[in-house]
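Trainee: Sequence:
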Amino acid sequence: MGIHSLELEDYLAIGAIFAATDSVCTLQVLNQDETPLLYSLVFGEGVVNDATSVVLFNAIKSFDLNHIDSGVALQFLANFLYLFIASTMLGVLTGLLSAYIIKKLYIGRHSTDREVALMMLMAYLSYMLAELCYLSGILTVFFCGIVMSHYTWHNVTESSRTTTKHSFATLSFVAETFIFLYVGMDALDIEKWRFVSDSPGTSIAVSSVLLGLILTGRAAFIFPLSFLSNLTKKSPNEKISFRQQVIIWWAGLMRGAVSIALAYNQFTMSGYTQQRSSAVMITSTITVVLVSTVVFGMMTKPLIRFLLPHSKRKNSMQNMNDHVTCSPTKSSMNVPFLENSVYSEADIDELQRPSSLRDLLSTPTHTVHCLWRKFDNGFMRPVFGGRGFVPIVPTSPIQTNNLL
1 MGIHSLELED YLAIGAIFAA TDSVCTLQVL NQDETPLLYS LVFGEGVVND
51 ATSVVLFNAI KSFDLNHIDS GVALQFLANF LYLFIASTML GVLTGLLSAY
101 IIKKLYIGRH STDREVALMM LMAYLSYMLA ELCYLSGILT VFFCGIVMSH
151 YTWHNVTESS RTTTKHSFAT LSFVAETFIF LYVGMDALDI EKWRFVSDSP
201 GTSIAVSSVL LGLILTGRAA FIFPLSFLSN LTKKSPNEKI SFRQQVIIWW
251 AGLMRGAVSI ALAYNQFTMS GYTQQRSSAV MITSTITVVL VSTVVFGMMT
301 KPLIRFLLPH SKRKNSMQNM NDHVTCSPTK SSMNVPFLEN SVYSEADIDE
351 LQRPSSLRDL LSTPTHTVHC LWRKFDNGFM RPVFGGRGFV PIVPTSPIQT
401 NNLL
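Numbered according to full-length UniProt numbering, the sequence shown spans residues 1 to 404.
Hints may contain errors.
As the list claims (entries may be wrong) - List time: in silico BS3-like cross-link candidates among lysine-lysine, alpha-carbon distance up to 25 Å:
id, residue 1, residue 2
1, K104, K165
2, K374, K104
3, K301, K239
Worth flagging that the hints you see were computed from the coordinates, not collected in a lab.
Just need the whole structure built from these sequences, with the hints factored in.
Mentor: If you want it as structure tokens, here you go:
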């Protein structure tokens, strides 16, 4: 295709660049209450894919791939696992630290602005620590947010929760708007298109090949993995239907700002393109992002309405409600792993415990949920707070609301 100066590192980086998906369009159409399983799969995959692609990209950049052998491959895998695990643990620890500080220090309980500021600063601290330690900032912030939503969120006053919710929603909207403006303005950058103006067919061919690989590669992973996942599920409500598999496949076709940022990191020097092949990859990445976002994004809503009629979504929601409203037995372990509901000690004791290794292997999900909820309610929440475990401080807004 007329690209001869790319090296092995560039090809591996391209794989990491286009591994980052942007499922925002699909999430805007899906209803979390009507299709909770499908929504969770699409959302979780989109977030983890972005974080994993960044970690994988950093691992590729840190290695000399000119001489590859089995030792280098094992070292590369070890480095990837180190970045992933270390970033995750740093995010969890920072989230727990924020929960402990807000729970123990009651300075902010009388001040909404201090509570909101502390939550924002702790989240930003997790990102800064990750960057200082050469870890993945996006992965660290993601897990820090999960922990903060489970513990820290319930340690602040109601006014602080409302303010935090709207503040982050506003910041998210502004950031998304800025990203779209940046991508649109960058698509009109004359310098990069000047490199490929003499052979536009090369850029079109590369963009077409990339789109084709994204379509086929996505299908090659989603459908076989969904089939294997369904083999381990006994209940029909837990299985991923073919229509849902198509939606998951479609949701991962769109690429966004992460792909463009990684492409600039790999193929530019301080924002400037030095080689023709690098310019081709930059323009091809922009083309793939624009086509997937505009074309695939416009087709998302009609596709979901066709594959999931309202009646099917309503039935799916009813089936899930039947599982959630039951008592905390084996079937109730289908609720989210970090569900904020608090079971009493009597309810926890009623949970069926694994009596042998055979039971553990036969019902791993139930066993993990049972052990986690006992550990969370018995050790974690009394220390770090959470719903039902936050002491009421005299003259605090919580105390005042209760008195009223």
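Trainee: Would you mind marking each hint as holding or not holding in the structure?
Mentor: Going through the hints against the structure:
1. K104 <-> K165: holds (22 Å)
2. K374 <-> K104: Within the cut-off at roughly 23 Å; holds.
3. K301 <-> K239: Holds, at roughly 23 Å.
Taken one by one, the earlier hints all hold for this structure without exception.
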